[in-house]
Structure formats: structure tokens, C-alpha cells
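Student: Chain by chain, the residues:
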Amino acid sequence: MTVYLLKRLAIALITLVLASMVVFAVLEIIPGDPARLMLGLNASADQVELLRNQMGLNAPLAARYLHWAGGLLSLDFGRSYTYSVPVIELVRERVVVSLPLALIALALSTIIAIPVGLFSAGRHGRAGDTIAMGAAQLGVAVPNFWFALMLIYLFAVWLRLVPAGGFPGWSAGVWPALKSLVLPAIALALPQAAILARVTRSALIEVLNEDYIRTARAKGLPYRAVLWRHALRNAMIPVLTILGLQFAFLLAGTIIIENVFYLPGLGRLVFQAITQRDLIVVESVVMLLVAAVIAVNLLVDLSYAVVDPRLRSRQ
Amino acid sequence: MKLWKTILAAAALVLAAGTSAFAARTDLVIGITLEPPHLDPTAGAAAAIDEVLYANVFEGLTRIGPNGEVLPDLAESWSISDDGKAYTFKLHTGVKFHDGTDFNADDVKFSLDRARADNSVNAQKGLFAAIDTVEVVDPATVKVTLKNPQSSFLYNMGWGDAVIVAPETADTNKEKPVGTGPFKFQSWAKGSSITLIKSDTYWGAPVSLDKAEFRIVPDAAAAVPALLSGDVQAFPFFPDLDGVAQVQGDPRFKVVIGATEGETILSMNNKKPPLDKLEVRQAISFALDRKAIIDGASAGLGVPIGSHMSPASKAYVDLTGLYPHNVEKARELLKEAGLENGFKATLKLPPPPYARLGGEIIASQLRDVGIDLQIVPVEWAQWLDQVFTKKDYDLTIVSHTEPNDIDIYSRKDYYFNYDNPTFDTIIADLNLTSDEAKRMTLLGEAQKILADDAVVGFLYELPKAGVWDAKLEGFWENAPIQANDLTKVKWTE
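The listed protein sequences correspond, in order, to chains C and V.
Going by the numbering used here, the first residue of the first sequence is number 1, and it counts up by one from there.
Going by the numbering used here, the first residue of the second sequence is number 1001, and it counts up by one from there.
No lab work stands behind these hints: they were computed from the structure.
Heads up, some of the hints might be wrong.
To be verified - To give a feel for the contact side, a few chain C residues facing chain V, derived at Cβ under 10 Å:
no.	residue
1	Ile30
2	Leu39
3	Leu149
4	Leu269
Note that this is a predicted model, so its numbers are computed, not measured.
Quick reminder that beta carbons are idealized off the backbone N, C-alpha and C, glycines included.
Next comes chain V alone, as it looks inside the complex (with noise of 0.2 Å):
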């Protein structure tokens, strides 16, 4: 009798050992190196919000795509009025919120009237500034009409800020996120890491994984030591681009460099007197060295910009040979604008590395042509203060990472404080065009005028470098927008 039993077990154990060998992983740690501060995408602008839930949790009427491009969501397919006004959205049907509560067209008009409502407090409260009337048509049709056509529309629909809530949860999705998509939240231990496992009632194509877990490594130093002991399997965002070479010929796996939609640039305040002169802008732009700062400050990753444009963008167009580096010319320029003996003036930084390490390479290279530049490194709340929102300052070094965002260039009262009418004048024209080509053609010129007035010193696109182990597949190679988008990743074996 015993002995049969110890025989079953056996049997049993070696059955279970079996059957996991065969069967993939379903489970999953990924690496984020900044804590959320709450998990409500409708409510704040961190990006790290939306690394955990975009497109896992939470899922809006249309999404953004791999490569930026603007897929069906929630909304499986639209018409648009023939004077580009009224957007009519065909809804998926049977689509059940991770509470069980159905989702309809209500939860629709909900949302967005209350994104875009006088006492919202959505960071990205613009993307809703066209909508004049959401109308639900029928529980599953719904016709949002616009004051003025909006080419970005669609593509404004698909940020994280614009996903569709459930009115019974959207006042508590800040702790316990409720949303429609295919992982719904299980646990945040504070501090430590967050729990998304599998939905059940999800609408579209099942996720592979069961679990997943983002763990929060707040220290670049940790990353390869976490990824090296298998305590952490991805880090799409990997936070240490110097030790990308530590893990870059192991086997075990796979370095992806893409592009991210983060501009880094050396910020002037256009109104700040010798910055307010052309020729004294221009002669910075020829003072920096691109590739150096590069090497220097991303370890050697990441493509020089000449505008305000991503190289993976179409509308990309490459003014990097406007300013080439020449210090020759910076000189010239100074003694052109009265300034042959230099100036002094100051470089903030924020906290990022592109800034701290780049600045320092930049103060040398402007040191070279006479521009004598004083470090002053500043956290992130004293930069938004100082520099964003109080506009005291003379330079500073920050990556623009919003998506397609040439406009803030003729946003009133914006930081650079840089003011030309022909510039305004193109990107009114371009929220109003729809035409592909003529979107092009703007939007070509818009980078054009930026480069001639050396608005600011256009650096580089800033990389992404993601690391995760070899057996997984299905992660973004790009960040067209700043999303880890778990849908389609599994463990091969």
C-alpha cells in the first residue's frame, strides 16, 4: 500500500515536471525605473503611468500602434463627415470593464465630457479642446462633432490621457485602475512593484501572459545586476546606457535599439539678451559638436536632429548639415553680433543624465568659441518652477518626449519664449489640413524655420535601449509613444 503510494506520487511529480517543460512561461517581471505616482492615465502627466497600463489596462477609441500609427480600439471603425467635423465611432460590442459592468457608448461620452470638462485637471487637457458635443447615438455608436476639422484627431483619441473609464470607477482608478483591456490590476505594493494578471472577459485577441508584474528599480547601477541574477526578465526601457555593452554579447539576450519620440535639445531663451540675437544663436548651433555630445552623454546611441523632428518620423526632413560643427564660424558670428570677446550666461540641468553628462560636454564645446557657461543643476520640480513655468533662465538641456509636438514652438508664453507669425501661421494651417502630402509639405517647412532662427540647439532624438531576455518576444522596438504595450509579448520556449 505504501509503496503504491509512493509509486502515484511519483508519477504525479513526474508527470507535473513534464508538462511544465513543455508548456511556455506565462509569467513575467519588467523593469520600470520610475514608480507611477498614482495609476489613473486621465489624471497626470508621468510618464511612468502609462508604461504600466496603456493598451494593458486601460485601452481608449482608438490606440497608438508600434510605429505611431493610429489603429482601431475600442472603436472598430469611424466615419468622418465630408467637411471633416463630425467623427461617427462604431463600437465593439460585448466589451465588459474588468469590474463586470458592460461598456457602451455612455462610458464614452462620459469620458470624454469629463476629460475635457472646466474643472478637469487631465494633463493633457488640449487633446479635447476641439470637441464641441459627444452624442451617444446608440448604445454602440457614438458622434463626437468638432468645432473646427482636426487632422490629429484620431491620433489625439489613442494618448493614454483619452481612454475610455467606467463613471461607477473613475474617481477611484487612481488606486485600483478599472479599465477594458486584456491584464487587469491585481496589487501595488507601494514603493516595490505593480501586478497586472490576465482578464477573462477581455473582448479582442487573448494575451499570452498571465501575470505580469512591473518591478520598480529606481537605480540605473541595479539594472544589469537584476536582469544578469533573472530577477527581472525585460527592461524595454533600459535605464543604463553604459552598461548596454555589459549585456550586448550575452546570448541570453537581446538588445533592441530604437527610436523614441524625445527631442533633446539645448533650450535658449530667445528673449534673453545676447540670445535674443540670431547671429548669437546660430554661433552656438555651430559650436556644438553632435556626435561628441552623443558619445559623451548616450553612449554613443541616439541620432543627431537638426530640428525639431524625429528621424523615424515621415514628415522627418534632415537640416543636420545646416549647422555643421565649425568653430571658425561660431566666431565669426559672435564678432558679427558685437560679442568677439564672449559672453557669460547660465546652463540648468535637470536631473537626466542626456542633461547632467551632455551639459558639461556643452559648457566645453561653448568654452572653445569664448561662451562661458555657469552649471547649475537643478531637480525637476525647481525646473518646471524656474525655468518652464518662471522662464528665468538662459539654457538648459531637456528631451521633449511628447509625440508630435513642433507646435509648442508657437505655443503663447512658452519657455523658449521664441515668437515668429510666420511659424504660427504654418501650424494653425496644419491643424487644419487632412491632405497627407500637404501635412508634409507644412510640416517640412515648419522644421525649416525652426533651423534658420536656431530657434535652439537641436541635439539629438534621445534612444531607447530595450533589453529583455532572448526567449521573449513581441515588445515595442520604438517608442512612439512612452507605452509598455504587453499584448502581443510571450516567452517562445
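Just chain C, same shape as in the assembly (with noise of 0.2 Å):
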């Protein structure tokens, strides 16, 4: 279990100083010069120049680069160029909605994702199943923004139970808050769910025809107790991989629901950013989510060991 650890650790370690220096050779070699970008088409090229000596630009790539990967080692994010506010402060504004957003949207998925699953893969090749999977391909076909524009036409503009976009911030309430998030999390939760339900679908029909689930059911056992007791823990591994997978792109990859409900999330962060070339902005951010999805995969693996005590006992 501790090897098992210390490798995982290490993966991470090396994944994330590898990731950093990909980031930040990425995003030198994209043309646009953020200071051409501050000061427009009026502005003279000297006076472009100056600024950019003002924002540091100009100093050699390993210099800035040895300069914010050090930053980033005592946990100094930088300063936005465009901001000029740091980008710990920037990232503490988003993370407080799209984290909660994430969740909701895990959470929601989950809970539907898995009864669908279970009922699915019960009813194999019925019609129910036949039914539940059609439901479920539609989920991954429909373009999530259309269909977040269905949800605010029917909630927001008819039923005027919530806003049409926007987030208040928690400081108006807690309530007032979590009510505008919650058409984005049914947008987000969909597709994700769909996904999820065929993948725990699969997974189950693979492990009832295995010859343990037919011992089980030859001993007696009823079906809805072989289901939940050894079906579905044993299914549960590609299920914990997608959905580490898909926490990961909740937290940031929400960019188009961000938008069409105005959410001042992470996603939008990085994609203002990236228009206006706030280069230490994207770096910085990107960094702190990559870090975040190697937590999440960490958290997969040390579940994996949970469900399954084979690989606890391994060496």
C-alpha cells in the first residue's frame, strides 16, 4: 500500500513540473503581445515597447520562466497583467462558483447516473434498457448550450423561478446563490450523467456474467441483493475513473455554460485571459487546475484501493 502510494506521489510530482514548463513554452510561442493588446491601434510602437518593459515582457524566456516557476514553489501566483491584482485573489473569486457548481453537477450526474445504470443493466436488452440507453444518447447528443438556453426559457424567462444568468455572489445569500446555480448544474449534470449511465451499464453487464454473480444467484441470493452487494462494487471501478475525469472538467472545461449564464467561473477566467494574452494569468491558473485534476486522479487511485482490496494487499 505505501509503494503503491509513493509511486502514485512521485507520477504526480514529475507530471506537474513537466505540465509547467509545457504550459509556459505553450504560451510563449502563441503570437499576440499583451501590451499591443492593453494599448490598441492608436498606439505608437515605442509606446508599446515601454509598456512592455513596464509589465517585465522583455526580460530572456529561462529568467521569466526560473521566475514564476519559483514564485509558484512558495505558492506566489504572479500578478495579472491586465487586473494587475494577483492571481491568487482572481482565482479565489471563481473557485468560490465553480467549485460549488462542480459539485452540484457531480452530485446531481451521480444520482442519476447510477440508478439508470443499475435499472439498465437489470433489464438487459429489454425494453426498458432499450428505453433508458435511448434517453442517454439523446443526454450526449443535445448540445449542452442549446439546451441550457431551453432550461432559461422555461425557468427564467416563463416560470421566473430563477435568474436567467448571473451569479449574485454568497454574500447576497446563501439561498439567492445557490438558486442561480442551479439551471447550470442541470446543463452541466445531463450530458455527464448519460455518460456516467452507460458507463456503469456496461460495467455491470460485464460483472454479471461473471461466474461469481452466478454462484451468488446459485446460493440463493436474491438479484436485487447480488445487484447492490457484488455487482455493483465490482463495476465501480470505471465508474470512479470517469468520474474523477469528469469532476476534472467540470471544475474548469464549463466555459460555454459559463457563458451563457454570465458565471464568473474558472473556465471564463482562463478564457479572458487567454484573449487578452494575460500570460501569467493563464500560466498560473492552468497550473493550479492541472495540479487539481492530479489530486482528483490521486483520490481515484487511493478509491480504487478502497473498493478493491486486492490492491491494498499488493506490494
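Both chains come to you apart, so use the hints to assemble them.
Tutor: Structure (C-alpha cells):
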């Protein structure tokens, strides 16, 4: 178990360092000058050069990488070029939107997907299964921004139950803040639930064909008990893997939904920073996300060990 | 006792409900598409900065009015010396910055000197280039001496980049703007909204609104539902031109189509063969069907142009008849240029819909005359880098939104790569001429030359669609500058 853990940790660290180099290098290669973007079409070349100097953009590449990476080690993420505030402040403002949103969406997706997966697997090949999987196929296929707009028209414009978009901030109260996250969470959760349901179903079907399931059934265990106690547990590994990936996606890959609901989330911060060539923000936020994804994967790896005792005992 | 309390409470409730029914609303949520990178109009070119702060939080010596006219602002009046070089501004007295400090001539000197200093990164530093000295005559009088007469000086001082700031707060305006305007900054929830509230110490006519929130709605498709749900009550720059039809028939909303200063053009690299040939550029101009472009890229809104001037401008000369849509003529001209088999070129398109949609239409129109355009979509950062700075392009589409900017064609090293000494002379003359009639003649000649040379493909003036709650009034109809002046905005009930 300890070896397993240490190995995972070492891989995580190496990934982080490599990611920092790739992120930095890629952003240096893409064309676009943050100083020119800030000054617009009417500024002279001299002025752009002056601002580049003020922003520290004229230092050599290696020096800037070391300065930035050194800052990251001491948890100093630098200052945004455009906003001129510490990056960590920007991230903190966005995480309070993105993290709850991701968690709600993930919870919704799990609550919908696991029962549907169980239901379908139990009725493998029958009408119920076909209908459920047809619905799941639809859930994957429907573009989420369109689905989001339909939700807005129904619940915000017509029924006026929730706001059409925006985020009032947690300071406005827990209820108003949650209300503004409901529709985006549903819009995010549905396609994820569809994918998760399909994975759960196929993992379960595979497990249900195993000999020990037949044995369990043969010794007289009711079908329901076999499904829950023996099959589901063994089908959990692919399901957990997908869940881990989905969480990472929900944390930062939700730019389209954030735009439709004009939520100030992490995805939009990165997107805006890229279009404004606020390189330091992109670099630092991407690194934080890489760290988050690695942490989640580590957790998933650990949870494998919880689900599967063989991984615990193996040296 | 208990009964009394209940009755009193009920009476109070009725009263409260009654008064609120009679008093008009004083709060407003305005939708904007782009978030300003920071809140200092003197330190960035982003139009979104002015959209929030111009005339609301910050004021200049002069200001630009709803129809592009120059109005007095912090300067109540001015006199100009006979040689046209010395401007003496008489300032309003009793003006306070939002932090409580007094405004006087020292602040004017500080602001102008700061903007034109060597280390200044003011995005429109050119506005101040003619200034020689700024002298404080007395606390309420400032004398600005120019190196040479400049006809546009008063207009220039009305730009957002020329607003007056206080020395104590100039460095922190990016985060916490402090101006002299009728609204003061309250809060900025990054990525979400910026809130202004009424300033109690304002020197001028008081505003009707107590609170104005600028909410950032980045997705055009979200604008209509935001209005319909009542979350946002006004989009002075409505981003979704196709969505205009959806709210146009709705009595709850007012839709106002106005003009901007945005000349939308098919820019050409005048030094890149075969675009360096006049016949080729003219052929392209003949190949363009402006009506179809406006219909497809701008929901049918927008006025065709034949040169680089807004049809709303007094100096406008209609030159749209010079190159009517004529495929035969275009082919003939290409033949004259020795290109009867057409040629290949790239068309780099920045993100706005007018460029991406317009680009596809233009590519198909040019294909009809044998010109094969390869479309290359680019982001703004790439566009600025490759097209604008390095001039690595054949054709591109962009809207030049700066007001009165026909002089860009005379700038050395500008991305059109256009060089015409006659045109340069006219612009130089124009800068020194203050006689209105003579200015109009010169501007007319300038437009004519650009059209004759077919420097670029002149397409149309970008429309401004404003949509707001029908109970609101006081918004600008046109956009002579990119701003949301809220000083006259009020709820009528």
C-alpha cells in the first residue's frame, strides 16, 4: 500500500513539473502581445515597447520561467497583467463559483446515472434498457448550450423561478446564490449523467456475466442483493475513473455553460485571460488546474484501493 | 394592545407599498458584453472601460455629446487666442473628487502632463501630442499652449483617455476609480458586475438613478433571455443583432437602431502583389455586394459606405455609387491587370460576427470573379500581432470604431501599407484648419481620394442596436464614442 502510494505521488510530482514547462512554452509560442492588446490600434510602437518593459515582458524566456516557477513553489502566483491584482485573488473569487457548481453538477450526475445504470443493466436487452439508453444517447448528443438556453426560457423567462444568469455572490445569501447555480448545474449534469449511466451499465453487464455472480444467484441470494452487494461494487472502478475525469472537466471545462449563464467561473477566467494574452493568469491558473486534476486522480487511485482490496495487499 | 400593533403594522405596510408605487425606480441593471480589464480610462484602449466609466464616473475638460458634438464639462467655458495656439479654460468651481478632495487647475495640469509624459502608457497619447505647455493661471483657470494650431483639440480633450484624475488616486484608479462625475464607483465583482452609485457631492445637474449595475453578459445568445426575464433592463449595445427581431415587436421593450463611428472595411495590404495594383483593388470593390454583406453579417442593419466616413457625419460624401456591384466590370479589370485567371489570397478574420460572417459572404462574392480566398480565422491577439503589427496578411475585415479617424490612411507604417503624398498633404492641412467650411471641403477630398484609390473595400457603417425597457428614457441613440452616458437616464414610472 505504501509503495503504491509513493509511486503515485512521485508520478504526480513529475507530471506537475513537466506540465509547468509545457504550459509556459506553449503560451510563449502563441502569437499576440499583451502590451499591444492593452494599448489598442492608436498607440505607437515605442509606447508598446515601454509598456512591455514595465510589464517585465522583455526579460529572457528562461529567466521569466524560473521567476514564475520559483514563485509557484512559494505559492506566489504572480500578478495579472490586465487586472493588476494578484492571480490568487482572481482564482479565489472564481473558485467559490466553480467549485460548488462542479460539486452540485457531479452529485446530480451521480444521483441520476447510477440508478439508471443499475436499472438498464438489470433489464439488459429489454424495452426498459433500450428506452433508458436511448435517452442517455440523446443526453450525450444534445448540445449543452442549446439545452441550457431551453432551461433558461422555461425556468427563468416563462416560470420566473430562477434568474436567467449571473451570480449574486455568496454574500447575497446562500439561497439566492444556490438558485443561480441550479440551472447551470442541471445543464452540466445531464450530459455527464448520460455518459456515466452508459459506463455504469456496461461495467455492470460485464460483471453480471462473471461466474461468481452465477454462484451468488445459485446459492439463493435475491437478484437485488446480488446487484447491489456483488455486482455494483466490482463495477465501481470504471465508474470512479469517469467520475474523476468528469470532476476535472466540470471544474474548468465549463466555459460554454459559464458564458450562457454569465457565471464568473474559472473557465471564463482562463478564456478571458487567453484572449487578452494575460499570460501570467493563464499559466498560473492552468497550473492550479493541473494540480487539481492530479489531486483528483490521486484520490481516484486511492479509492480503487478502497473498492478493490487486492490493490491494498499487493506490494 | 396586540390588535393595535397589528393594525399599525398593516397601515405601515400599506403606506410603504403606496409610496413605492408612486416613486419611479432608481436602480438599473445594464448589460455589457465585454468586461473592462481595469477601470482607468487613461491607461487602456479597451472600449469596455469607457462603456462603464465615461461621463458617469470620470469627466474631462470637454466631453462628447450624444451626436458627437463637443460640450463643456469641467471647463465651463474657454477662449482661443487669435493664432489658434493658446486655449484658456475657465473651470467650474466647487467640484469635488469622490474621495472628498477638491478639484482645481492643478489637477488639470497633473492629468494632461501625466498623459503626455515620456513614460506615459496612455493608449491615445497622440491626442496630447500637440500640447506644448500647460499652465495654472489661478485655481479656476488653465492655459494650454499648443505647438501648432490643432482644429480637433477641443474634441480630443473630450475623449475618455483625456479625463481629469487626481494625483492622490491616479495610481489606484485601475482598481478603485475616483473621478468627479455624477456616479461614484461602489464595487466590482470580477467576471460578474460593476456597480456605481449616485455621488452626493456632484457639482452639476443631479442624476435620476441612485444605483447602476453593469452586468457582464458575454454570450450574445444570453442577451434576449436576460432582458425577457427582467434580470437586465437595458443593453445600449445589444450584442445579438439577429435577436433584435425577437424583441422588436414586444411592447415591453424599446429598440433603437443608431449609428456608430465604426467603418467596417475589407482591409487590403496595398504593398502585397497583386493587391498593389489599382485595377485589382478596384476589381475587388466592384465584386462586393454590400447589400448582401449587410443582410448576412449584420441582420440587414447598417448603412453602406463608399469611403472612410460615417454617414452620420456632417462631412460625409456619398461615394457608394463609385463601385456598384458589377461582376463583369470586376472581371474586366482583373484582365487588364493580367489576372484573367484570377488569383489566390488569404482573408484573415478576427472573432466578431461582422468579420466571420461577412468574410464567408465576401469570399463567395470574390469567387464569382475568380479570386480564391482562403479564410483564416484569428483571435484578436493574433490579429494585432500578425495583421496590424507585422502586416503579414493579404485581406482582412475589421471595423474601425475610433471617431473621425480618416487620418489613419496617412499614418506611416499603418497596416494598410498605403502611401499617397496628396492624401497626406490634405490631412496635414486639415489638422491646421479650423474654418468649418474649408474643413468640410478637405474632408470631402480626402474621402474621394480613398475611394478612387480603392485603398480598401468599404463595406458599411456598423450599426448600434440599443434595446431597453420601454419605461426607460435618456439613453444615447447613436454612438459617436463607445460610451454609456447615464446622466440623463431615468425611469418614467
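Student: For each hint, tell me whether it holds in the structure or not.
Tutor: Hints and how they fare:
no., hint, in the structure
1, Ile30, "holds (8 Å)"
2, Leu39, "holds (5 Å)"
3, Leu149, "holds (6 Å)"
4, Leu269, "holds (6 Å)"
Checked against the numbered hints listed earlier, the structure breaks none of them; every hint is satisfied.
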